[in-house]
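I would like the entire structure built from these sequences, with the hints used as guidance.
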Amino acid sequence: MSLILTEEQEMLQDAANGFLAENAPVAAFREVRDSKNPDGFCRDLWKEMANMGWAGIIVEEEFGGSEFGYVGAGVLAEQMGRNLTASPFFSTSVLGATAVQRYGTAKQKEQHLGSICDGSTLFALAVDEGPRHRPEHIEFAATPHGNGYKLSGAKTFVADGHVADKLIIAARTSGDANDPSGITLFLVDANAAEIERTHTPMIDSRSAANIKVDGLEVTGDDILGEVDGGYEALEGILSAGRAVLGAEMSGSSQQAFSITTDYLKEREQFGQKIGSFQGLQHRAAHLATEIEMTKSAVLKSLQLLDDDFESASATCSMAKAKSGMTAQLSTQEAIQMHGGIGVTDEYDVGLYFKRVHVAQQMFGDAGFHADRLAKRSGY
Amino acid sequence: MSDLEQFRAETRAWLAENCPEEMRDGDITAENQCWGGRQWEFQSDAQKRWFEAALAKGYTVPTWPKEYGGAGLSADEAKILTEERDRINARKPLSNFGISMLGPALLAFGTHEQKLMHLGAIARGEIRWCQGYSEPGAGSDLASLKTKCEDKGDHWLINGQKIWTSNADISDWIFCLVRTDFDAPKHKGITFILMDMASEGISVKPIILISGHSPFCETFFDDVKVPKAYGDDNLSVVGEVNRGWDVAKNLLVHERGMLGTMSPLRGATGPENLGGYAAGEIGVDATGRLDDPSLRQKIAQAEIDDWAYNLTVERLNDEANAGNGLGAKSSMLKYAASELTKKGSQLRMDIGGTDAATIGPDGIEYGSLANTWLYNRAYSILGGTTEVQLNIISKRVLELPSA
Numbered sequence: 001m002s003l004i005l006t007e008e009q010e011m012l013q014d015a016a017n018g019f020l021a022e023n024a025p026v027a028a029f030r031e032v033r034d035s036k037n038p039d040g041f042c043r044d045l046w047k048e049m050a051n052m053g054w055a056g057i058i059v060e061e062e063f064g065g066s067e068f069g070y071v072g073a074g075v076l077a078e079q080m081g082r083n084l085t086a087s088p089f090f091s092t093s094v095l096g097a098t099a100v101q102r103y104g105t106a107k108q109k110e111q112h113l114g115s116i117c118d119g120s121t122l123f124a125l126a127v128d129e130g131p132r133h134r135p136e137h138i139e140f141a142a143t144p145h146g147n148g149y150k151l152s153g154a155k156t157f158v159a160d161g162h163v164a165d166k167l168i169i170a171a172r173t174s175g176d177a178n179d180p181s182g183i184t185l186f187l188v189d190a191n192a193a194e195i196e197r198t199h200t201p202m203i204d205s206r207s208a209a210n211i212k213v214d215g216l217e218v219t220g221d222d223i224l225g226e227v228d229g230g231y232e233a234l235e236g237i238l239s240a241g242r243a244v245l246g247a248e249m250s251g252s253s254q255q256a257f258s259i260t261t262d263y264l265k266e267r268e269q270f271g272q273k274i275g276s277f278q279g280l281q282h283r284a285a286h287l288a289t290e291i292e293m294t295k296s297a298v299l300k301s302l303q304l305l306d307d308d309f310e311s312a313s314a315t316c317s318m319a320k321a322k323s324g325m326t327a328q329l330s331t332q333e334a335i336q337m338h339g340g341i342g343v344t345d346e347y348d349v350g351l352y353f354k355r356v357h358v359a360q361q362m363f364g365d366a367g368f369h370a371d372r373l374a375k376r377s378g379y
Numbered sequence: 001m002s003d004l005e006q007f008r009a010e011t012r013a014w015l016a017e018n019c020p021e022e023m024r025d026g027d028i029t030a031e032n033q034c035w036g037g038r039q040w041e042f043q044s045d046a047q048k049r050w051f052e053a054a055l056a057k058g059y060t061v062p063t064w065p066k067e068y069g070g071a072g073l074s075a076d077e078a079k080i081l082t083e084e085r086d087r088i089n090a091r092k093p094l095s096n097f098g099i100s101m102l103g104p105a106l107l108a109f110g111t112h113e114q115k116l117m118h119l120g121a122i123a124r125g126e127i128r129w130c131q132g133y134s135e136p137g138a139g140s141d142l143a144s145l146k147t148k149c150e151d152k153g154d155h156w157l158i159n160g161q162k163i164w165t166s167n168a169d170i171s172d173w174i175f176c177l178v179r180t181d182f183d184a185p186k187h188k189g190i191t192f193i194l195m196d197m198a199s200e201g202i203s204v205k206p207i208i209l210i211s212g213h214s215p216f217c218e219t220f221f222d223d224v225k226v227p228k229a230y231g232d233d234n235l236s237v238v239g240e241v242n243r244g245w246d247v248a249k250n251l252l253v254h255e256r257g258m259l260g261t262m263s264p265l266r267g268a269t270g271p272e273n274l275g276g277y278a279a280g281e282i283g284v285d286a287t288g289r290l291d292d293p294s295l296r297q298k299i300a301q302a303e304i305d306d307w308a309y310n311l312t313v314e315r316l317n318d319e320a321n322a323g324n325g326l327g328a329k330s331s332m333l334k335y336a337a338s339e340l341t342k343k344g345s346q347l348r349m350d351i352g353g354t355d356a357a358t359i360g361p362d363g364i365e366y367g368s369l370a371n372t373w374l375y376n377r378a379y380s381i382l383g384g385t386t387e388v389q390l391n392i393i394s395k396r397v398l399e400l401p402s403a
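Chains A and B supply the protein sequences, listed in that same order.
197 is the number that the UniProt record's numbering gives to position 197 of the first sequence; each next residue is one higher, with no gaps.
398 is the number that the UniProt record's numbering gives to position 398 of the second sequence; each next residue is one higher, with no gaps.
Take the hints with a grain of salt, since some may be wrong.
[Unchecked claim] Once the Cα atoms are required to be at most 20 Å apart in a straight line, the calculated SDA-like pairs of lysine to any residue come out as:
(1) A:Lys265 x B:Pro401
(2) A:Lys375 x B:Ala9
(3) A:Lys375 x B:Ile282
(4) B:Lys228 x B:Gly212
(5) A:Lys375 x B:Ala75
(6) B:Lys57 x B:Phe109
(7) B:Lys298 x A:Thr6
(8) B:Lys395 x A:Glu266
(9) B:Lys92 x B:Pro62
(10) B:Lys298 x A:Ala314
(11) A:Lys375 x B:Asp291
(12) A:Lys212 x A:Arg197
(13) A:Lys273 x B:Ser294
(14) A:Lys212 x A:Thr198
(15) B:Lys342 x A:His282
(16) A:Lys375 x B:Arg289
(17) B:Lys395 x A:Glu10
(18) A:Lys273 x B:Val397
(19) A:Lys273 x B:Glu22
(20) B:Lys298 x A:Pro144
(21) A:Lys375 x B:Lys79
(22) A:Lys375 x B:Lys92
(23) A:Lys375 x B:Gly283
(24) A:Lys375 x B:Asn273
(25) B:Lys79 x A:Tyr263
(26) A:Lys375 x B:Pro62
(27) B:Lys395 x A:Tyr263
(28) B:Lys57 x B:Ala75
(29) B:Lys395 x A:Ala314
(30) B:Lys79 x A:Gly378
(31) A:Lys265 x B:Lys92
(32) A:Lys265 x B:Val397
(33) B:Lys343 x A:His286
(34) B:Lys298 x A:Arg372
(35) A:Lys273 x B:Gly276
(36) B:Lys395 x A:His282
[To be verified] Here are some chain A residues the structure puts well away from chain B; computed CB gaps all over 12 Å:
(37) Ala106
(38) Thr143
(39) Glu266
Since the hints were made in silico from the structure, they are not lab data.
The beta carbon of each residue, even a glycine, is placed where N, CA and C say it ideally should be.
Quick look at the structure:
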């Protein structure tokens, strides 16, 4: 398979590019931020995105989706990364849809996929329990109760958890805290009385929630995938999330870089365009090279998710690591090369810097993935 | 079954039948490749059989037109051939600067007669080519070269010196940049010329490097007479006189493309999996992690970069085949590959500790870790330094202003 977009995917890219530049540019994101919009995104925009088939981008047509696969999701995420578009796309259309479509029962698919596609139900994935991503470390307890379980525990940094209608919670049904087996996924109603959600605005002006669950009763119908075998599903969902976050960060890297090179071509100091200084040229050329490497890594991981989902895990880790490093470099350099204006709130590059930092932390930063890959390769 | 699927099935069957087991060891070091040329002797019967089978099929230069010795494969078919060859870890049947550098330049700029004469001989492994570009006073500033080429009616008269001519001592012909006009602006007076290394007046002296061994030579031209035509109209000049820079630039894109596809981290010598190698040398802790956390992190990072790099070679090739030429982006590949190559051999030296720093009774052994590590310093210098590549990316890809 060629490592380039198909004609159809390119058309999607053009459409996304046009729509977002028009309807969700960085200015729109600022408005959401400055108006202290409690959702952290614009609901009308999300509805429009759903109408265009974006909310169901990976969902099969028989459930109302547009079936563009993960490459399609990445194409959209990259453009969202360019425009800093805030929406529940990632938590609902990538994480939620992957969870239900790949690991849900026929009944769960019937029940949820349609409402993911039309944008009416928002999902969030609750996995981490501390500030650093450690998906195999789960203490959140699911204890047998009657015919089902009782859930109790706490989760942090549940992206869009404050607005979600449904939560997918990774809980422990057996084993000790670091045992990958013994984890089970539950799909529950986020508005249940036993769930307490604390809105945690993040530095990128997006929102997450800390959640506390105290004795929520669930039945077998609420289980997503296998009892005690949820880690595999969790890995699959995380892989998809990592690749798509990689695409988003790739888009942010490209845009921050493009803003920067425009600036280098126009700003004068010492009577010359600063872009003519070799000290800046070489750093820009290095960054351009890293951005090319990142594009390849991201596209490969998305293609693998579509082609052979089960085998994509390591590749998604690599894409997340590479895109994270590049995005960090790109946004750091964007600020530095702009000089003073780069650290003002009024100028956009700082917004990219902040978003990329949060996206890096989400589902493992470059160090986490380097460690994971090393372990996998036997060292 | 689509045509391409059909082609894949046929290729797989052909490889299974024709690529000897001994050639499927994934060994792609310079020493183990078949280079061809008048002085070439096959290293093994298997190497000879593999070469001959590939030649008969046009697979020494699969994308070249059939009339010039190729198989006329499309880009998609060529990619499948490479994939299938990689799948069984097969070596290339023939490697040569003629294939990777001169050939593409001749295809773009040569006359039909030139192509017939030279491309076929390259495809058949008969002529080994070397490249005469750099001079002692013209390295990164290549266009300031001074080797003098005078028009003497029926022949050219050449005087001057080239340096860093890889394998000049074992090559049959040289493609060379010479100055035909000293009055013109420096890019406008250069001509691209082809010479038989057996010509009277050419002498070659190997250069000893810090690594102890290298393919590099100095090449001297002392009143060398180059006929204007070989046979009826097999011209010695490629492209127009004084317009050799156009040919050279085109060729440099291919050179950078080639230098940029050397699977940098695995490098010339060394194991597939650097981390696994390190674990074997250094050992692991109770949790299975390499017993040197800082080295472990560096290796993992380099493996991620290597992987992203290889995919980028693939992607840019796919883009080029779809009609978006590689152009100045080849400088990105050259830059990334040479830095990564150096990183890989540095890591291998660090893993080896004092063991890797030992030398044999006769000095630094050829093919040793230390030899490769020292030799690899040259990667970010040869074919245009890292700084030159960054300049090219800045100006030609990013279009940043000139000083």
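Here is what the structure says about each hint:
Proposed proximity of Lys265 of chain A and Pro401 of chain B is supported: the alpha carbons are some 6 Å apart, at most 20 Å. Of the pairs offered as hints, the one joining Lys375 of chain A and Ala9 of chain B is violated, with about 36 Å between alpha carbons and a cut-off of 20 Å exceeded. For the proposed pair Lys375 of chain A and Ile282 of chain B, the alpha carbon gap of about 15 Å is at most 20 Å, so the pair holds. For the given pair, Lys228 of chain B sits about 39 Å from Gly212 of chain B by alpha-carbon distance, which is inconsistent with the 20 Å threshold.
Annotation: proposed proximity of Lys375 of chain A to Ala75 of chain B is violated, straight-line Cα distance about 37 Å (limit 20 Å). Of the supplied pair hints, the one linking Lys57 of chain B and Phe109 of chain B is violated, its CA atoms being roughly 26 Å apart against a limit of 20 Å. In summary, the hint linking Lys298 of chain B to Thr6 of chain A is not supported, as the alpha carbons are separated by about 36 Å, beyond the 20 Å threshold. About 15 Å separates the Cα atoms of Lys395 of chain B and Glu266 of chain A, which keeps this hinted pair within 20 Å; it holds.
About 11 Å separates the Cα atoms of Lys92 of chain B and Pro62 of chain B, which keeps this hinted pair within 20 Å; it holds. Using a Cα cut-off of 20 Å, the hinted pair Lys298 of chain B and Ala314 of chain A holds, with the two alpha carbons roughly 18 Å apart. Taking the CA atoms of Lys375 of chain A and Asp291 of chain B, the gap is about 12 Å. The hint holds against a cut of 20 Å. A threshold of 20 Å between alpha carbons decides the hint, and for Lys212 of chain A with Arg197 of chain A the separation of about 7 Å falls inside it, so the pair holds.
The hinted pair formed by Lys273 of chain A and Ser294 of chain B fails the criterion: a straight-line CA distance of about 41 Å is larger than 20 Å. Our distance criterion of 20 Å between C-alpha atoms is met by Lys212 of chain A and Thr198 of chain A, whose separation comes to about 8 Å. Using a Cα cut-off of 20 Å, the hinted pair Lys342 of chain B and His282 of chain A holds, with the two alpha carbons roughly 19 Å apart. For the suggested pair Lys375 of chain A and Arg289 of chain B, the alpha carbons sit about 7 Å apart, so the restraint of at most 20 Å is met.
With a C-alpha separation of about 28 Å, the suggested pairing of Lys395 of chain B with Glu10 of chain A is violated against the 20 Å cut-off. Among the hinted pairs, Lys273 of chain A with Val397 of chain B is consistent with the structure: their alpha-carbon atoms are about 17 Å apart, no more than 20 Å. The suggested pairing of Lys273 of chain A with Glu22 of chain B is violated, with an alpha-carbon distance near 58 Å, which exceeds 20 Å. Taken as a hint, the Lys298 of chain B and Pro144 of chain A pair is broken in the structure, with Cα atoms around 45 Å apart against an allowance of 20 Å.
Our distance criterion of 20 Å between C-alpha atoms is broken by Lys375 of chain A and Lys79 of chain B, whose separation comes to about 32 Å. The hinted pair formed by Lys375 of chain A and Lys92 of chain B fails the criterion: a straight-line CA distance of about 33 Å is larger than 20 Å. A distance of roughly 13 Å separates the Cα atoms of Lys375 of chain A and Gly283 of chain B; the hinted pair therefore holds under the 20 Å criterion. Distance restraint check for Lys375 of chain A and Asn273 of chain B: the Cα-Cα separation of roughly 13 Å lies within the 20 Å cut-off, and the hinted pair is therefore satisfied.
Under the criterion of a C-alpha separation no larger than 20 Å, the hint pairing Lys79 of chain B with Tyr263 of chain A is inconsistent with the structure, at around 40 Å. The suggested pairing of Lys375 of chain A with Pro62 of chain B is violated, with an alpha-carbon distance near 40 Å, which exceeds 20 Å. For the hint linking Lys395 of chain B to Tyr263 of chain A, the alpha-carbon distance of about 15 Å falls within 20 Å, and the restraint holds. Between Lys57 of chain B and Ala75 of chain B the alpha-carbon distance is near 17 Å, which keeps this suggested pair within the 20 Å criterion.
For the suggested pair Lys395 of chain B and Ala314 of chain A, the alpha carbons sit about 36 Å apart, so the restraint of at most 20 Å is broken. With a C-alpha separation of about 31 Å, the suggested pair Lys79 of chain B and Gly378 of chain A falls outside the 20 Å cut-off, and the hint is violated. For the suggested pair Lys265 of chain A and Lys92 of chain B, the alpha carbons sit about 45 Å apart, so the restraint of at most 20 Å is broken. A hinted pair counts as satisfied when its Cα atoms are at most 20 Å apart, and Lys265 of chain A with Val397 of chain B qualifies at roughly 13 Å.
In summary, the hint linking Lys343 of chain B to His286 of chain A is supported, as the alpha carbons are separated by about 16 Å, within the 20 Å threshold. For the hint linking Lys298 of chain B to Arg372 of chain A, the alpha-carbon distance of about 13 Å falls within 20 Å, and the restraint holds. As the CA atoms of Lys273 of chain A and Gly276 of chain B are separated by approximately 48 Å, the hinted pair breaks the 20 Å bound. Using a Cα cut-off of 20 Å, the hinted pair Lys395 of chain B and His282 of chain A holds, with the two alpha carbons roughly 10 Å apart.
Non-interface status of Ala106 of chain A relative to chain B is upheld: no Cβ of that chain comes within 12 Å, the nearest being about 34 Å off. Annotated as non-interface, Thr143 of chain A keeps its C-beta farther than 12 Å from every C-beta of chain B; the closest such distance is 30 Å. Consistency note on Glu266 of chain A: stated as away from chain B, yet its beta-carbon is not over 12 Å from all of that chain's, at 9 Å minimum.
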